[in-house]
Amino acid sequence: MYRFKHHRPTTIDEAQSIFAACDDPSYLSGGMTLIPTMKQRLASPTDLIDLSQVEGLTGITFHSGLVRIGAFTRHAVVANSAEVAKAIPALAYLAAQIGDNQVRNRGTLGGSVANSDPAADYPAAVVGLGATIVTSQRQIAGDTFFQDLFETALEPGELITAIEFPIPEKAVYRKFPNPASRYAVAGVMVARFPRGVRVGVTGAGPCAFRATALENALNQSFNPDALNAVEIPDAGFNSDLHASAEYRAHLVKVLAKRAVQALC
Amino acid sequence: MSTSVASSESASTSSSGLKPSGLNPSGIGASVLRREDARFITGNGRYTDDIRVEGQVYAVFVRSPYAHAKVTRVDIGDALATPRVIAVLTGADMQADGIGGLPCGWMVKQKDGTDMRSPNHPPLVVDKVNYAGEPVAIVIAETVEAARQGADAVAVDYDELQAIIDLGTATDSSEIHPGISNNLAYEWELGDRAATDAALASAAHVTRLDLTNNRLIPNAIEPRAALGVFDATTGEHTLYTTSQNPHLERLVLSAFVNIAPEHKLRVIAPDVGGGFGSKIFIYSEETAVIWAARRVRRPVKWTADRSESFLADAHGRDHLTHAELGIDASGNFVALKVHTVANLGAYLSTFGSSVPTYLYGTLLAGQYRTPNIHVEVQGVFTNTAPVDAYRGAGRPEATYVVERIVENAARELQQDPAELRRRNMIQPDQFPYQTPVALVYDVGDYEKSLDKALGLIDYDGFSARRKISEAKGHHRGIGLACYIEACGLAPSKLAIALGAGVGLYESGEVRMNPTGSVTVFTGSHSHGQGHETTFAQVVSDKLGVPFDAVEVVHGDTGRVEFGLGTYGSRSLAVGGSALIRASEKIINKGRKIAAHLMEGAEEAVDFSGGRFSLRDSNRSLSIQEVAFAAYVPGNYPDDLEPGLSEKAFYDPQNFTYPAGTHIAEVEIDGETGVVSVVNFVAVDDFGRIINPLIVHGQVHGGVAQGIGQALLEIGLYDSNGQLLTGSMMDYCLPRADDLPDFVVGTTVTHCTHNPLGVKGCGEAGAIGSPAAVMNAVTDALGVDEVSMPATPEKVWRILQGRSPRRMA
Amino acid sequence: MQITLTVNGTLRELDVPENTLLVDILRERLRLTGTHVGCDTSQCGACTVHLNGRAVKSCTVLAGQADGTSVLTIEGIGTPDVLHPMQAAFRECHALQCGFCTPCMIMAAIDLVENHKELDNKSVREGLEGNFCRCTGYHNIVRAVLSAAEKMAAKA
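So the sequence lines, in the order shown, correspond to chains A, B and C.
Going by the working numbering, the first sequence opens with residue 1, and the numbers climb by one from there.
Going by the working numbering, the second sequence opens with residue 265, and the numbers climb by one from there.
Going by the working numbering, the third sequence opens with residue 1073, and the numbers climb by one from there.
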């Protein structure tokens, strides 16, 4: 690992001003992706701005049909929260599927979402539940947040402070893990809202996306067989050692059907 | 204090002269809890990287990013200027110091009688790189981080060459090593080609099968490490390293690599975190470290990153095979013909040449009476990491060929696979049994293991279980593998006649201390096998001394006289036998002393339960009293040397032949192709069992690796020779939730030619299980062949185009 | 950077470079070598310790992140004479062979028992997905964790 300076701001403003003043800074949240990347010398930020001491980035609150989770909230906290499990069981379940026990004890919601790893789990919830990304500057709709491989709508220095997840009538997350890394080869969040069904997909494409064809079919008839005739084009899907684009497209449908089955 | 738990298996006595062990709660047959655990569970293990020597500095290797390239220039100027870098040494420096190439320890004779072709393997690249990750230079610095920065600053100019990666076409490709045409190290054969061809031609049925045996990357959880220390005052070199065989390492580094004379080189393999074969071999890095320690006059430490382990540890297996099995109208196997292309990687690793030949071709008879067998093997160089022994080494490959083709034959003939096997098994009254592929099996009862395994898995209930799976949209399959292996390597004369560069005996020393405790020295090495416990049980039992009074010393050439180390499930059969021989010498000398002290005739002194007693008298002496007398020889025979310490070298007369039946039952998710092993039964005949707890653990671990090979693991290179599975993110090691509970049983026939009647248990799990699992997978899918590993997408694709199941 | 952390109950004040990992602080500075390094991608779990009471991979925690925390390592949970029930269970069930993954498998298992209710064979297997063992096939590790879980529950 190359040398860097470790900053530990206590406020969002301080974090941002350090960011602005540094050569090649990076925010450090749980570090579950960033630190291994730095160890492999694939990243070499000059300055790490550690968010662990920043006020106001943790905590889970509930109001007006929303679950608001602070960006620095660790996966294990979400996974083990009885309140989250009551409001959006699929979200607690999803958090419990991330990485492994040790990773969940360190990794954070904001870090995961800001990284936009195509194989991360949380993005499926952001998109699938139609979450709102609350940042230091503004609010960003989940639908427009993920833009490409490791690319988001965040501006340089902009910091996620919390994510607000609308509470659906029902939702289920199903994941097909990469056998080696346990990241999602494909992950599908199916959520029913009074206004309709949302389907968020991670793992399959360069970043998380809404599967509108699946949503349309389910809005017409909410049962697994309604998805039989839906074509999932694999154009632009990821393809690697573990799964071709074609297989990923197949898995998206299988996982969606399984999620719907669990909801019926 | 030792503790023992109830044994699920009671070892019976054999004709080997050992007394019944029921009297000794920590003796042979008892599930004694391991004494080495005390340090491991408290974090007090002492692995190579845990050792710190005053003044030590750190090494990092510069590795080639290319698989095949000429090195035109190595510029170390900037590296040397890097802060805290002490030295940068290259292959040229090594050559100038007279350091030789890493030798291959087994010269295989080709079928035309000529020697195999072995390229020079300099520890650090001199002018040409032959696999990605090959070390080009060693950078030594005050800290690891500085060494890394120094390594970054070494400028190497590479002239990239076409990489030869594909095993199937490597023999038609340009030469990797100048002068080694067709990239062939050897073409080797065994068995009667003409008779086999004739028998196949007249067979009523011939089953044909093309198989691949996937490349595996061993991944012991402790990465390799080395700490070299040079004492300029005495000229002594000490190498602490992650070795399964420190004496062999010393021998090779001294005799062939020219590091130092043997008496000036001490190799210590302290606690070693797993080996599975990968820590047998003499590698570049350890060699460079001990040499560099002398060059820089500082202790030098290197610990591999996992990424380096993936690139530079010897890989395993990697075969392409075509096999044909001829069967007569009654269902008897009449001939087996096998052609295998074995990937040896870029160089011949220490035992790389012997694994696809003598440890493979000789096992193709399996448990069967097949009268005609012929095998031909092409050993092929590619621009990939060297390939050598990995748990089972040759025998899993042989079992895979035999048991996959037998399974397919049964399906083609619409016979029960268990019954077709049974019909062809060598019968208990046919031993010793000479196979057509050189080996003489001494003993076995194969049907007994088969029947026990069929019972344990409820073979008859399978069709009902299949129906339940099918009702859920899943596919269920069951597969057997009746394996045999040759362990207890090996009779030295035979091995040397076949090309081995070393003998394969083992040494043991049993030292009765004056106060009656016992120190045992063995040339075997434990890196998880529990020798400190098992060997103490053996000696405690033999000498009738308390288990807790026996200490086992291993892994240090400075303390143990000699040894060949641990591999090929040989430790107990060969190393344990040496300890029995040494103990017998102790008893014989003790008898003389006791006779003198008890004023009787030596012939009238019996030894039992740790006491010498004079027949027809009430006189007796404990072995501890005799030991004291031997060291304080006041009243002592005139013609006897004082002291009570004895050595033995045990050279086995034959291999041992563990055998058994493994049965796997799998369920395949019809929508995703995910294969789950839902039941796994292993019934093994390991001969006498010293410690059932440890033996079962060995089977569990081997089976896990075998299931890993069948379903999860594969080492893959791209066409440029870049390792695609270079981390645990892409190379899938089995996790706890990938595996079922295992059902393990044993049957017992005692090895006839070693004093313990033992056969060895370290590899069996990895030998039988891949074939069992793949037989179950192909059964579930109703297809002839699925290449390992049966990954979800591969299975899903088969499900998409599946042909109807042939058998209901 | 100056950091202060409590390791196995002892307060430690250290001056370390920022790019130091917790595992290196433990192994190289404090010579607590029971915590191991088995990979460089945060997969193998051989470096697992408890940080403020929860299992983490110490190869993926920076010095600055460890500042002000309380760290528990294998050396802090029991002694050869008074073993933690998990340590005892590993020995009794022969849940280790080479011993390299063992200390941190034990640390992960303790976290699993302390923080997860109603463990069974399946949930123990799933709960240990962050720890590789290449020797045991996990069979006896699962037995050990379930056995220790009973004893730990009885004690609590």
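In short, the hints are calculated from the structure, not lab data.
Small disclaimer: the values here were computed from a predicted structure and weren't measured.
Treat the hints with caution; some may be incorrect.
Capping the alpha-carbon separation at 30 Å, the derived lysine-lysine pairs in BS3-like fashion look like this [stated by the list, open to error]: (1) A:Lys170 <-> C:Lys1223; (2) C:Lys1223 <-> B:Lys731; (3) B:Lys1058 <-> C:Lys1223; (4) C:Lys1194 <-> C:Lys1223; (5) B:Lys911 <-> B:Lys528.
Results for each hint:
1. A:Lys170 <-> C:Lys1223: With a Cα-Cα distance of about 39 Å, the restraint between Lys170 (chain A) and Lys1223 (chain C) is violated, given a limit of 30 Å.
2. C:Lys1223 <-> B:Lys731: Violated, at roughly 40 Å.
3. B:Lys1058 <-> C:Lys1223: Given pair Lys1058 (chain B), Lys1223 (chain C) is violated - Cα atoms ~44 Å apart, limit 30 Å.
4. C:Lys1194 <-> C:Lys1223: holds (19 Å)
5. B:Lys911 <-> B:Lys528: Judged against 30 Å, a Cα distance of about 23 Å means the pair holds.
The structure is inconsistent with the numbered hints 1, 2, 3, although it conforms to all the rest.
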